[in-house]
Amino acid sequence: MTALTAAPSAKRRRRPDLTAPLFLLPTLLLLLVFVAYPFLRAIWLSFTDTTLLGGTLGFVGLDNFRSLFTDPSFGTYLRSSIVWMTGGVGLQLVFGVIGALLLNQRFRLRGVVRGLAMIPWATPSVLVALIWMWLLDPNHGLVNAVLTRVGLIHSPIAWFGNPHSALPTLIVVDAWQGIPFFAVMVLAALQAVPEELKESARTDGCGTLRVFWFITVPSILPTVLITLVLRLIWTANYIDLAYVLTGGGPGISSTTIPLASYLTAYKEGALGSGASYAVVQAAVLAVLVAIYIRLTRRREA
Amino acid sequence: MVALERTAAGAIGVRHPDRVATERRRTRTASMLKRIVARPALYVVLVLWMVGTLGPYVVMALTSVTPEKQLIAYGMSRLPSHFSVRGYAELFSTTPFVSYMANSIITALSTVVFSLIVASAAAISLSRFRFRGRTTVLTTLLIAQLFPAVLLVIPLSTMLQSAHLLDSRAGLVLVYVTFATPFATYLLKGFLDSLPRELDEAATVDGCTPMQMVRYILVPLLRPGLAAAGTYIFIFSWNEFLYALTFTSSTASQTIPVGLQFFIGDYQIRWDLLTAAGVIAAVPVLVGFMLVQRQLIGGLSAGAVKG
Amino acid sequence: MKQFSWRRTGVLSVALATVVATLAGCSSGTSAASTPAAQSTDTTGQTLNYWLWVDNATDQTWQQLADEFNAESGHGKVKLQIVPAGQYLDKLQTALSSGTGPDAARMKDEWIGSFVKSGVLAPLSKQIDAWSGKSTVIPSAWNAGKVPGSSEVYMMPHQNTALYLYYNTKLFTQAGLTAPKTQADVVADAPKLTGNGHYAFDVRGGAGGQDQWAAWMYAGGAQFVDSSGKVTLDNSVAQQVNAAYLGLVKYAPPGSATASYAQVLSNFLSGTTAMMIHHVGSLAAVRKQFGQDVGVIPVPSADPSKPSTLQTMSGNVIFTSSKHQELAWQWETWLLGNAPMLKMSTSPQGQLPVTTAVSQNPAFTKDNGYQVAITAEQTAQSWPQLPGTTNVVNATWGPAIQEAFAGQISSGQMLQTLSTDLSK
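Chains as they are written, first to last, in our numbering: chain A, 1 to 301; chain B, 1001 to 1307; chain C, 2001 to 2424.
No wet-lab data here; the hints were simulated from the structure. Do not take every clue at face value.
Claimed, not checked - Covered stretches of chain C (chain B as the covering partner; in silico rule of three or more C-beta atoms under 8 Å from a C-beta of chain B):
1. 2049-2057
2. 2094-2101
3. 2212-2224
4. 2284-2294
Ideal Cβ positions, reconstructed from N, Cα and C, are used throughout, including at glycine.
Go ahead and model the full structure; you've got the sequences and the hints to work with.
Below you can see the structure in the form of structure tokens.
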């Protein structure tokens, strides 16, 4: 460990410090190779009438966007997207934070409980979808059977078969799957809350709620914020559950923008038009990114 | 090394352990009463949570031991009349599930290792240095997550093909590292930001090079952050479906989410195989996280003192 | 801390990205345009990359067939790549458009319209006409590989299905009913079969439901296209038949408007529903559950003297981009030989054979389900192989009929939408 105590040479001090760019290099290289081109291509596609099998046909300018915005269904897609995104992530955030606070308590078998709490997050989406398909099945499902037995409902409910309940039900399934993710992120952030600060606040007579609000919240806020922003983006683009459980229906009541994008690109074969849906959504989400960056910049300044 | 740790701990103002203990004792008596009431409530809430979380998993587990005939008529929704382990036997004897499992574990673990290295480096750079273009990099990392994967698979396929990385675990790992790193970077950067800069300064005064500072001070203190980021990366790779489906074509590289799809045919859905695979697939994550969660303990001071 | 110029790096990055983009762009896109080169018939030493989906992950029939083919001398070898059934079409299209596609592949008749339009399928008529085995194939089977308005064949037939109706004899007897003969019978029987947790029929508005709907439409006398290839799905006959189908939703179990195969099968096997339109793909499961307590009859038609139903063919295609088209031809015709055809059709995932000799095999006379299906095959029709069919079958039929079930649009509006999408 002599290197630690050896005086740094004067020469090194003057040399430009390349640590920062060097440390960033791998990340930037990966993004450049695997993200830059596919992204630019997706944007380019949205200005063409490329088909999935037929290669590039031609530049059509804003035509795709024009037909997208004049499509009477677009309003429904947009509304579903917003409800899906905010509903799913909102539930995950609230219950994830509560879950993290619980898992941060000391109790017997805590390690086992923490592990078991991970299961919904660690189950592949197709299985999550199929399990819930059967649990919620109107004719043979457990949920309807229990609710009928208890007397809460008189006849079984087709959770995914009703345009009013399909999207909310999808949101609940999504939350079930996503709560552990939020819980782990917040749980980790809770470990960085300075214990001395909490202790001294308590000795100063602060109640549990005040300690939580004035000490814990500010300390976990950066983690919560970035988790929130990225979870919103991922959830916005997450179509696996809807594709298996409702196919976007009944009608188009649970079709979000990315699901419409996928169906247009892969089932209709209109890759260019499909890309334009994704570009519109990306533009909306980019606003979210901009707000986040501005917020954090102010905090860091 | 010892001297350095003391300096580091001292710099962030950790008080003498004895004094902390006395203070704790004082508050403990006061909160004793509260705890007697709060304890049962805590257990009730935990039990409710576990029922909600594990209920569907238990249904899946029961389905996996249900005789096939009952499954055809009722799907995953009835209590079995008697237990049958035929699904498990068939899963291991007639399907390449062991390969899927091995591929998933190797791919996910490799992704965790590479992504944590890449993301830690980036996080340190973004948290500890100020340079022109820093905000651009921060923005780019988020922008990289904006598009749905369905639109990216075609060009990515072409690129992996020309690099001869299609149908290989290496190709999958590269793609996964790319898409898992942005969040991991932000997460680790957040943890670094919460570690006081005095720490670095103390180290610099002691004559640490930046590399040594990272190795001996930041990484040890980052353990909760690394555990959380590692868990995220692992589960992301473990569950990822679309890239795995598109970029792999043989049992030498196919992962569990792809393997599960083979059990769903046009006219035959093998509930027994699907659920048996689902039950087994949860085990590595469960055990893995039970080990990793030990890092999610204790505050900053404990980490700094222990090193 | 020394500042590092990101501006310069930025310029460099863009330049690099452009290079990467150009390189990657070049290697794709050419696949669809290339023409088959003159090929010799000797394919020894070649390896064929053949894609397929299988219906049962534990069934080894396909691999055994490939092994038998590869053990023969005089031609090259085939390498199977199995793709999950649910993602088969997506993955195949992605692969073809990124230049990583196979030489030949298993295919459904309802998909070929869009593939033919894009020019990725090799025309096969010339080779078929010169092939000695042409007459062994049931003549109507060739139609599944044609697109409306052309006589060119793009798909070798392999396994066929013709939809029929199962009915639960116990539930029918309890209701004092006999097997329905006409669509009017079904409509009249439906209320009598509904009640006490039982329902008449799953209308299946979810994934895959378009096939049983199309069977009902064909049996009712509706025509999807006329002989010139013009879509006629919105005429008055079709509207009437469709309206009758939509009316059955009242006698369907809850959730039926969005149900898919798993729910529909479960409802029928558990006795929740009394009737189910499907095909021999479910025969084994139905027999396991009911034994002989289930009836198999043709899909009730409007006029019993003019029966019809839907048939869905899975066949084999050859891609124009392939360098092994001769070997692909050898493999696909080999599959039509007596022994391979019998083995496939009697396997756990087998359907109806497409060769005359094999369809007369005793294996298909033992169960009357097969006889009903083979008879129905003779008057069955396929989905029209239009460029828009893939979209209708996989994406737009579901929302349209779900809205019609809910009364948001009329039978006529639903058929109008589908006609527009089919003609796209």
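Taking the hints in turn, this is what the structure says about them:
1. Only residues whose beta carbon comes within less than 8 Å of a beta carbon in chain B count, and the stretch 2049-2057 of chain C has 5; three or more means the coverage holds.
2. Check on the stretch 2094-2101 of chain C: 6 of its residues sit with their Cβ under 8 Å from a Cβ of chain B, so the three-residue criterion for coverage holds.
3. Beta-carbon proximity to chain B at under 8 Å applies to 0 residues in the stretch 2212-2224 of chain C; the threshold of 3 is not reached and the given coverage is violated.
4. Counting residues of the stretch 2284-2294 of chain C whose C-beta lies closer than 8 Å to any C-beta of chain B gives 3; at least three are required, and the coverage claim holds.
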